[in-house]
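J.: Taken in sequence, the protein lines are chains A and B.
Under my numbering, the residues of the first sequence are numbered 1 to 451, in order.
Under my numbering, the residues of the second sequence are numbered 1 to 315, in order.
Watch out, some of these pointers could steer you wrong.
[Said to hold, decoys possible] Covered stretches of chain B, as calculated for chain A (at least 3 residues, CB under 8 Å):
| # | region |
| --- | --- |
| 1 | 57-68 |
| 2 | 71-82 |
[Unchecked claim] Restraint ranges, calculated between C-beta atoms of paired labels, are given here:
| # | chain 1 | residue 1 | chain 2 | residue 2 | range |
| --- | --- | --- | --- | --- | --- |
| 3 | B | 250 | A | 206 | 46 to 54 Å |
| 4 | A | 32 | B | 54 | 38 to 46 Å |
| 5 | A | 401 | B | 73 | 46 to 54 Å |
| 6 | B | 250 | A | 357 | 42 to 50 Å |
| 7 | B | 86 | A | 165 | 21 to 29 Å |
Keep in mind that the hints were calculated from the coordinates and are not lab data.
For every residue, glycine included, the Cβ atom is placed at its ideal position computed from N, Cα and C.
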Amino acid sequence: MNISRRTILKAGLAGLVAPAVAGCNNGAASRGTGEVIYWLWDSAQLPMYTECAKVFHEQNPQYSVKIEQYGWDDYWSKLVTGFISETAPDVFTSHSSRYPLFAAKDQLLPIDEYVAQDNLDLTIYQPRLADRWIGADGKRYGLPKDWDTEVYFYNSALTEAAGISAEQLNSMTWNPQDGGTFEQIVARLTVDSKGRRGDQSGFDKKNVAVYGLGFADAGGSDGQTSWSWYAASNGWKYSEGEPWGTKFFYGDPKFTETIAWWRGLITKGYMPTLAQATSGVDVTTTFGAGKYGMTPNGSWMLGTYAGLKQVKTKLARLPQGPVGKRMSMMNGLADTIWAGTTRPEASWAWVKFLGSKTAQDIVAKAGVVFPAVTESMPAAKAAFAADGWDVTPFLEPVEAGDVFAYPANPNSADVNAVMTPAMESVLAFEKDPSSLAEANDEVNQILSAAS
Amino acid sequence: MTATIKAPPPDRRRSRGDLEARPIRRRSLGDLKVALIFLAPATVGFVVFYIWPTLRGAYLSFTEYSLLSPPEFNGLQNYERMVQDGFFWNALVVTVEYVVINIGLQTVLAVGIAMLMYRLTKSITVRAVVLLPYLVANVVVALVWYWMLDFQIGIVNQFLGWIGIDPIAFFGESVWGIPTIALINVWRHMGYTALLVFAGLQTIPTYVYEAAEVDGSTEMKTFWRITLPLLRPVLVMVLVVTIIGSFQIFDTVAVTTQGGPINATRVIYYYIYERAFTRFDFGYASAMAMVLFALLAIVSLLQLRLLRAKESDLA
């Protein structure tokens with residue numbers, strides 16, 4: 001007993017230190033040389049990627065993949081702390097809003113050499129999708145894995161009750177002056193507490209039971225699921241370069257008149273106030289409770305809407321704007337390699353596999369997202385059809401080429417920090433849309449100071 | 001440990017006659033060794049997790065540090081920036097508003113609950129129930145209230161509807177944001193604070209109450225003239241601790257409003273977090289953290305001074 005206590009103490013301390021040491025360099029010493037650590041944030045996609053990892057290991061017995069999944073918010077802070085403490089994963093799912101900064105800070109491994117060395121065919125992807133992952137420095141940082149666009153998710157029981165046909169919903173027009181047939185439909189879908197519709201006389205905009213149009217938030221700097229398609233179909237662009245902008249145009253009249261019209265729907269009672277819309281769980285839950293006629297959203301939300309059992313949800317095209325086209329943002333994810341990886345070869349093999357038709361077929365068949373590989377699309381379409389979705393409205397703008405990119409920018413966090421409160425002030429009627437010109441100056445100041 | 005049990009070895013000094021002093025010196029030395037061993041884990045933890053990060057934070061506050069590239073010394077630039085930064089001042093005002101509502105209401109309610117418990121029941125079950133909200137994780141509490149206070153589908157607004165009050169956008173309206181978050185945390189912490197006050201009440205000797213009764217003091221008079229003054233040392237301690245905790249409000253904001261609507265709930269901790277971890281402006285964030293540190297130190301010292309925490313009116 002005399003010695004044992006001290007020995008136990010020492011052993012205990014040693015035990016505490018050992019894993020801490022091994023934890024450095026993302027566990028390079030403790031795991032096999034062929035083992036790749038891979039991170040993703042979407043739990044819905046975990047089963048497909050587990051399946052991909054199995055097939056990958058069968059095809060490449062010398063390599064194996066360990067998958068870890070963290071929720072969106074944790075994911076990014078864990079990733080950044082991983083970069084600093086050198087415990088980041090070898091390969092991880094990346095987003096257009098985040099990768100430019102990581103690339104600018106030398107945290108991503110350029111894959112140009114690998115692509116050239118393996119003679120990789122980049123035309124198998126949806127047009128323009130692979131090029132989104134060429135950074136501002138001209139280097140390629142990832143292979144695309146999926147893509148997304150926006151449509152309106154509508155409550156078909158409510159549209160039927162309003163006497164609005166699917167044809168009407170799919171041939172909407174819009175302009176920033178009177179809102180076109182889109183606004184007429186939104187008005188008709190709005191019902192006050194006494195059952196009067198938004199386009200009927202006596203409509204009480206102070207006591208609305210069902211709003212024609214729901215929205216999640218003021219949209220920040222990108223407006224991806226709130227206003228991006230109105231502005232784009234009004235002929236507006238985020239910045240002078242696409243997608244790499246150094247000067248933004250939030251003060252452009254084409255943008256401010258779009259936002260003025262959009263927030264006008266609140267005044268008219270067709271859309272909840274910003275306070276009401278943001279005071280609660282989220283826009284889909286409210287939609288699921290039958291409180292909104294339609295809500296715009298992205299294709300990655302199909303699974304969530306399918307889970308809303310109290311309502312029957314269908315999809316409608318975005319409206320045709322003044323430029324004569326329906327425009328949707330097209331964004332996508334890619335797998336990127338951490339610059340500090342200790343096993344670049346194995347990481348590249350995994351990224352290459354995930355970007356191949358074999359892997360994307362597995363992803364497509366699960367019917368959760370649209371695969372980046374064009375030839376895998378029919379399988380995804382069939383999987384979504386089996387779940388009762390006709391996803392054509394998502395695909396049309398891509399086929400027609402009427403899409404625009406997510407505004408890429410290494411300073412997007414700073415831009416957002418200015419634009420989020422600025423947009424909220426406008427939507428809350430605390431400031432006029434013309435005030436966006438000042439916010440825009442601030443944004444451009446940040447960008448010129450950073451470059 | 002074994003050393004203290006062994007008989008002291010023969011010593012030359014003992015023959016000189018200073019037998020009395022010896023064992024005391026020996027024992028205190030022996031205890032020191034043991035004490036060091038027992039203190040070591042806590043000290044290591046304190047140094048590694050508190051002292052070192054504080055010193056490093058102080059250093060980083062004088063640098064431009066974007067996390068992914070090494071810090072560069074830039075003198076007082078971060079502090080100069082802070083003076084110009086409207087967001088920083090807004091964050092301070094919002095935080096103070098939160099602390100005033102949170103601490104004001106929480107302390108009053110806690111004293112009330114403690115008095116009720118003291119006068120009506122000493123049941124362990126009641127104490128446990130009062131403590132329950134505190135045992136639920138912050139984030140869970142925030143999430144549950146977030147759901148219940150939803151504008152369109154939340155149960156609270158449903159209830160308000162039944163009694164004829166229009167629904168309130170608790171988290172969406174600028175004026176409601178901070179009061180809502182403050183009230184959620186009052187709900188969570190008041191039971192715990194009440195228990196601390198309750199413990200304080202038990203230290204007040206019963207003879208003073210008996211004397212008050214004999215002198216014909218009313219219930220209210222007894223409370224204001226006897227209970228509160230004698231409770232002061234405990235109350236000061238509780239106030240200092242809860243105010244420091246209250247200034248550090250973060251999780252409820254992070255889970256619910258994330259600083260919005262507009263900037264209505266962008267409290268100082270959340271702003272520091274945003275600067276550091278979403279905008280990678282670590283130097284500036286560290287500088288703000290240092291200012292908050294100094295601010296809290298001053299507030300706590302002032303409280304201890306003004307409320308004469310060390311003295312009791314009993315003596």
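J.: Confirm or reject each hint.
T.: These are the hints, each one checked on the structure:
no.: 1; hint: 57-68; result: holds (count 3)
no.: 2; hint: 71-82; result: violated (count 0)
no.: 3; hint: B:250 with A:206: 46 to 54 Å; result: 37 Å, violated
no.: 4; hint: A:32 with B:54: 38 to 46 Å; result: 40 Å, holds
no.: 5; hint: A:401 with B:73: 46 to 54 Å; result: 51 Å, holds
no.: 6; hint: B:250 with A:357: 42 to 50 Å; result: 46 Å, holds
no.: 7; hint: B:86 with A:165: 21 to 29 Å; result: 51 Å, violated
In this structure, the earlier hints numbered 2, 3, 7 are contradicted, and the remaining ones agree with it.
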